[in-house]
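Chains as they are written, first to last, in this note's numbering: chain H, 1 to 237; chain B, 1001 to 1473.
By construction, these hints were calculated from the structure, which means they are not laboratory data. All C-beta atoms in this analysis are idealised placements derived from N, C-alpha and C, irrespective of residue type, glycine included. Among these hints, one or two may not hold up.
[To be verified] Ranges of calculated distance between the beta carbons of each label pair, as one might list FRET restraints:
hint : chain 1 : residue 1 : chain 2 : residue 2 : range
1    : B       : LEU1186   : H       : ASP188    : 53 to 61 Å
2    : B       : PRO1179   : H       : VAL77     : 19 to 27 Å
3    : B       : GLY1247   : H       : TYR131    : 40 to 48 Å
4    : H       : ARG132    : B       : TRP1394   : 21 to 29 Å
5    : H       : SER105    : B       : SER1187   : 31 to 39 Å
6    : H       : GLU235    : B       : SER1187   : 52 to 60 Å
7    : H       : TYR131    : B       : ALA1178   : 35 to 43 Å
8    : B       : ALA1178   : H       : LEU91     : 42 to 50 Å
9    : H       : GLU135    : B       : ASN1365   : 23 to 31 Å
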Amino acid sequence: MSVEVDVKTLEIDGHEVSASAGQTILAVARENDIPIPTLCHIDGLSDVGACRLCLVEIAGSNKLMPACVATVQEGMVVSTNTERLQKHRRLILEMLFAERNHICSVCVSNGHCELQSLAQEQGVTHVRLPYRYPELPVDVSHERFTADHNRCILCTRCVRVCAEIEGAHVWDVMGRGIDSLVITDLHDEWGKSSCTRCGKCVQVCPTGALFDKSKIGSEHPKYPDFLPYLNLMREAQ
Amino acid sequence: MSQTITIDPVTRLEGHGKITIQLNAQGEVENAHFHVTQVRGFERFSEGRPYYEMPGLMARVCGICPVSHLIASARACEAIMSVRIPSTASRLRNMLNLAQMVQSHALSFFYLSSPDLLLGMESDPATRHIFGVTAARPELGRAGIGLRRFGQYIIELLAEKRIHPGWVVPGGVTEPLAPAKRDEILSMIPEAYTHIGLALDWYKKIADGFKAEIEVFANFPSLFMSLINEDESIEFNGGALRLIGPGGGIIDDGITAAKFTEVIGEAVEPYSYTKFAYYKPLGYPEGSYRVGPLARLNIVKSMGTPRADKELAEFKQLASGPVLSSFYYHHARLIEILYGIEKIEQILSDPLILDKQVRATAGVNRFEGAGQAEAPRGTLHHHYKVDENGKILWANLVIATGQNNNAMNRGILQAARQYVKEGKFTEGILNRVEAVVRTFDPCLSCSTHAFGQMPLALSLVSASGEVVDRVVR
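Generate the whole structure from the sequences, applying the supplied hints.
As structure tokens, this is what we get:
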């Protein structure tokens, strides 16, 4: 008996690679050790293409595509690290920094923050845009965790992990555009919400927006690696 | 015509300040002021933050003594949590604070003041700095750099970073002490003793050459305040505050952090962003007092370590009551460095210092809390109010420099009156006025506070230097 496999071949940064139909460009690139920066993507959760850091160029199209959601096509020629992309990525990061109040020096995630690391990797040396300094709330009502909206980049990892893995869907997004805010339940205090206190949202948060109250200073590394294992175990059942 | 001499910026200080000396028509000094010209706003922007973030946030106020802010802040948070921290954590914190005191005092004495003391108040300003000292007396420069490194390295070993370290948290410290680190610190102690021994010997030899300065460097009767233990020995971390009068008599005692605001008030003057602390029962400015090394040594009866106790006995011989001239801050600072080294050795010699239980946990159990510690330059007080979730509603910091503010202003007036005659002055004379401020080792960066509407003065000055118009907000 033969199994029909739909194999696509394409080129990423000059490397000939093969992939199965339906795979995303990001997944194929990572399989082949070709780095593409990401922020809202996390292994084990669905992708939403929110942060736009994984944008790639595809030959023949002037449109940039987010590699985390764009699927492979036969004969595609993909570039992941052109000067144009680098410029866009730096600007996206600068906009993230300017949008809210990211003060690395006093943040619990200083030294292990995905936003900070990406800025370093992508060569962001300064922010050319004026900072907005919005006045945003800090929710300290939860007995174990704190939500500091000043540090949130709206990647929605917390929303997805709560809905897809924990199955509680306590987190969601309120408002539109620049006024968006992640909220618990119907914008209730976190401590009074239907939160199951599992802490998965804290572990997947790429910045210091969600953090454990018992962790202070820069002693708060996060461990989101549990997600793929959790999925694997559930599928096995 | 009256004239104003402005020294701006005052050099070899931590932070930015300026001095103005007003002369009358006869060229005699009418008044003198020390201005701290910047505002930081730490109390304001900590509002709305969770209380457990406060130590880390407050440590950012200063790169010289972040540890004292960490400790005072953590103690204020512990008052809110109503916890008593494990005794090992308390001793570890004390050691961290002492290490900082050693490095900060080394900075003040060797880097900032020894150029005046070794090379002379009138020496060429181009070489009147630590490099000039190192060139003239290499072993002295090496001792200063060595002692600063000693303190900074202990801070790094314990708390990972030399500047703005973490480690101290509400409830204790995050990590117990590793035996390897203890052994490394102990191995550095003999060299530190050599360095401070050399500095003390040298200072005592040259101090007599500064009789004129000793006379007028903020040399007047005043109150003194510092922490003290129940056995009347020196304390940087616990104990309670004692206030003594110019004759040495106890005016108030057992001032805990919670009682602090009942007896200490803060006045505001239009010429400075630094407030003026005073003892409330005596009012302002009569209730002004001095804090820091001189105050501590005037107040305590013993250091609790043998070598420093010998030095303290000698220090007490300088006067029948409290030593009044601020020039002796230098001497007191060196004795405290010696004490710091001895005390660190003492703390580390107890095997219980390696105990793993170093942190207590709790939530918000009170809506208000205050904490105090001795910073290198004097008493430091943090006071917070929180809501039921622990969000900061209000914060107030009373800084050593604010408590010494009145004495510094009186001190520069005293020195200026002595040295500036008939409107004539030289660079060396102005350096002496600056040197008065240096004896206090003020830290201006953490001393600045806005209180209500800050006075803002704009002056329009003509080409000839005449003030044409002046607007005050």
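Against the structure, the hints come out as follows:
1. B:LEU1186 with H:ASP188: 53 to 61 Å: The hinted range 53 to 61 Å holds for LEU1186 (chain B) and ASP188 (chain H), with Cβ atoms some 55 Å apart.
2. B:PRO1179 with H:VAL77: 19 to 27 Å: With a Cβ separation near 59 Å, PRO1179 (chain B) and VAL77 (chain H) fall outside 19 to 27 Å, so the hint is violated.
3. B:GLY1247 with H:TYR131: 40 to 48 Å: violated (56 Å)
4. H:ARG132 with B:TRP1394: 21 to 29 Å: holds (26 Å)
5. H:SER105 with B:SER1187: 31 to 39 Å: holds (32 Å)
6. H:GLU235 with B:SER1187: 52 to 60 Å: Taking Cβ atoms as reference, GLU235 (chain H) and SER1187 (chain B) lie about 56 Å apart, which means the hint holds.
7. H:TYR131 with B:ALA1178: 35 to 43 Å: holds (41 Å)
8. B:ALA1178 with H:LEU91: 42 to 50 Å: holds (45 Å)
9. H:GLU135 with B:ASN1365: 23 to 31 Å: holds (29 Å)
The structure fails to meet hints 2, 3 from the earlier list, while all remaining hints are met.
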